[in-house]
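> Next come the chains, spelled out residue by residue.
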Amino acid sequence: MMRILSIIVLTATLAGVVSAQRGGPPGPPLTPRQAAPIDLTGNWVAVVTEDWRWRMVTPPKGDVSSIPVNGEGRKATMAWDAAADAAGGNECRAFGVGGIMRQPGRLRISWQDTANLKLEFDAGTQTRTLVFDRTAQPGAEKTWQGFSRAEWEGPGIGRGPEAPPGPGAGPAGPPVPGGGGQGLRGGPPPRGAASIQRGGSLKVVTTNFKSGYLRKNGVPYSEQAVITEYFHRLPAHPNGDEWLNVVTIVEDPRYLAQPFYTSTNFRREADATKFAPSACKTDPPLPVKTK
Amino acid sequence: MNPGFRCAFEAVSARPKRRSLARLATPARAALVGACLLLAAVPAAAQVNFSGEWSGRYHEDQPDRVPGEEPGDFSGIPLNDAARLFGDSYDVGRHSVLEEQCAPYTLPYMFFGPNQFRIWQQVNPDTQELVAIEMHLGTYQQHRTIWLDGRPHPPEYAPHTFMGFSTGEWNGDILTITTTHIKQGYFRRSGVPASDRTTVVEHWMRHGPVLSQVTIATDPVYLTEPYIRSQEFVIMERGNTNWLYNCEYAMEVPRDKNTVPHYLPGKNPWAGEFESRHAMPKEGVRGGAESLLPEWKPGAAAARPNPAKNGGFSPSVLPQPLPAGEVRAVKVQGNVYMIVGAGGNIAAQVGDDGVLVVDTGAAGQSDKVLAAIKGIANGKEIRWIVNTGPAAEHIGNNEQVSKAGRTVNGNQAAIVAHENANERMIQRGVPDAQRPYNTYFEGSRDFPFNGEPVVLYHDESSVTDADTLVFFRRSDVIATGDVFRTDSFPVIDVTIGGSIDGTIASLNRLLDLTVPSKMLQEGGTYVIPGHGRISDEHEVVWYRDMLVIIRDRIKDMAARKMTLAQVQAAKPALDYEGRYGAETGPWTTAMFVEAVYKSVTAPAK
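Quick mapping for you: the protein sequence lines, in order, are chains A and B.
Taking our numbering, the leading residue of the first sequence gets 1, the next gets one more, and so forth.
Taking our numbering, the leading residue of the second sequence gets 292, the next gets one more, and so forth.
Hint data in this document are derived by calculation from the structure and do not stem from the laboratory.
Remember, predicted model here, so these are calculated numbers, not experimental data.
Built from N, CA and C at the ideal position, the CB exists for glycine as well.
Honestly, I wouldn't trust all of these hints.
Facing chain B, a subset of chain A residues (Cβ under 10 Å, in silico) [said to hold, decoys possible]:
| hint | residue |
| --- | --- |
| 1 | PRO37 |
| 2 | ASP39 |
| 3 | THR41 |
| 4 | GLY42 |
| 5 | ARG53 |
| 6 | GLU153 |
| 7 | GLY200 |
| 8 | SER201 |
| 9 | ARG233 |
| 10 | ASN245 |
| 11 | PRO259 |
Here are the simulated lysine-lysine pairs, BS3-like style, with alpha carbons at most 25 Å apart [stated by the list, open to error]:
| hint | chain 1 | residue 1 | chain 2 | residue 2 |
| --- | --- | --- | --- | --- |
| 12 | A | LYS289 | B | LYS558 |
| 13 | A | LYS118 | A | LYS142 |
| 14 | B | LYS573 | A | LYS289 |
| 15 | B | LYS588 | B | LYS600 |
| 16 | B | LYS573 | A | LYS61 |
| 17 | B | LYS889 | A | LYS289 |
| 18 | B | LYS600 | A | LYS274 |
| 19 | A | LYS61 | A | LYS118 |
| 20 | A | LYS274 | B | LYS588 |
| 21 | A | LYS281 | B | LYS573 |
| 22 | A | LYS210 | A | LYS142 |
| 23 | A | LYS75 | A | LYS281 |
| 24 | A | LYS61 | B | LYS588 |
| 25 | A | LYS281 | B | LYS588 |
| 26 | B | LYS889 | B | LYS558 |
| 27 | B | LYS852 | B | LYS862 |
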């Protein structure tokens, strides 16, 4: 009996080890790059199918449509002065972390090293660094892009940076009679279980930035805001398109009455030939005409 | 108990009843226990649970999505010229048409309008396998099922619904949903059309209280490339009560109830207003794939069409036609079936009295047609055949089907049609044995069969002067013959009494007969078209609207003394050609336009 118990204890210990190391080979912990459940790197172009009239052109002053600004936010919007921004060296206010995703432009994502993901935007020639090191701290000076702390989420962490399969790729085994799945009790595995255990998303929380504009026409966000983003690499579309979806949630106690949700979609491009860095420049609005 | 721990427990405590375990040597049992514990350390695969009540956030395009769009705004949509013409012709007064007042948004738009929805899971009680995700959408009280059990999408002759038919699969924490069989609707409420050939791919992602949904719509009729949008929903901790949508249509504007508000090309009084009011470049407001990219500037060349962009779907998720040569009977509702695959659609009503067959298909298919009828007849005889008109693809097997049947007095099954149909068949040299010998002359004829009233309606002029609608009143199904079809423009034969006005009048009669269920424009009376899929009032009203709009355009052109060639060049049916038109074959768009032109320019009788 003692021998049996010894084997059980030993095996249980091994099980704990296996559990602890699940998702990676034995040895040192995986780097964020190694642990990546999805591959975000590459060249992406914003496809502007939403908010076109506020993103592709500079909307009229005071147009805060869709954005849940509070009274102070509305007041600040009405005080927008593009010339004053330029004179004060603040042309990049619409290209800060709260607005850059909504700028029409191209995005190049690459690993700066094994623990930092680099996002380069050609609009305004902006760069963001997504920091995975939990011990890293922001610098003393606030910047347009702030300090972004990143972490992977999802079941595929450590399983390798695989692109998720396209529709139809999930295995679809027959239901297991009698409630037993793969010889186990407790129910069958879900259809396409292999697909379920893959993939994930990237969560990014950004603080420590300078105040800027949510929209080109001066709808503001403050330095008190916290910006949370989720990066999703979508399964390949049947026509071969590959999409990156970024959900952005801006919580700003100063200028917003409630969290501000947007999501932005980027299509993969084969190369960086169309990546065209430009200065922070906001065209003046076209005149409003009364027909 | 964790399955692994339970497994280990049973290995250790194996009783005689578990002989297979009890017989194992002690070390082997110990090893098995170890293996079980290893299993216990591996988490079971588990999907993200989207269950809950969700409310939309409208922080993108809010003026479009909540108060409602302004006319002429096509910005941000990769649409084509057909969609632009549709949108330019669109009069928001069309929402006041009786049959359209309660029409829900279709899936391609549903999640963009004001909305809240409840999600729950359908689980197989025996296996606990997740079979489907169910949704109730408060807006328009829609229900949606997303099947996760691997079933294929229905064939193309199946009815379409506002929410369509959806299947899903998991990609990590992303649920990817593919939806087909969606009725005609709009990508934008101001009249940017979405055809019934639209396929929608959705990706759902959940992060705590936030549900993100990406929608990618592919519509080869109105889009040049897939149209991607995304939006966020937040869980409602305290729920809400807005789950019902009580819509009752009413005559809001005193006018002929069959009026279809629309603008003739170049006559939309609101054209240009949107860009002026919102300080936008005109070219951007007109949309198009090229305008969606960062480098776009006013005056940019239009993106070149790339049909491959609209494709790539697996056949298993697309509506599939019947395999060539196959003839199949499909239950519609009540006592009525539709037999597909034999040329024109055939309807069959089955009951204790026997079988009533509406039309018999194209010649040469009699064996298959009779086999299909036999499969649903429960041993009953074919008693009656009704011909909806004289077209060859509807009467080709009259003789064989008639001879296979028997009336109660022992004769072969009687063939019924309007007298004009018989006349037209005689003129075309149809043999006596194939012609109806039981004709009626009046505007309608009714008789009971299988316990329900069967009513035949005839209009003086329709696609010919010889058409009959067959109404199964208790089953609530109407077989229309070629007055209504979902596969092409109507084949109006002006040489035998057909006319565009007559066809529209017949469709208006059809709309008078059809009643949707729940007042939400879906189901209720089902319609078996002469060709194409099972339909309901919604498909008929869109078809009627199309014909009114095209007729009015051609009539206006004719009034301006435009020749037929000039009218053809002006493409008066452009916005519907991608769906109903053809450049080759027995009934081209040019032939249809010519028929309408001749019809509207014919001297009044």
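> Output the indices of the hints that this structure fails to meet, ascending.
Failing hints, ascending: 2, 3, 4, 17 and 19.
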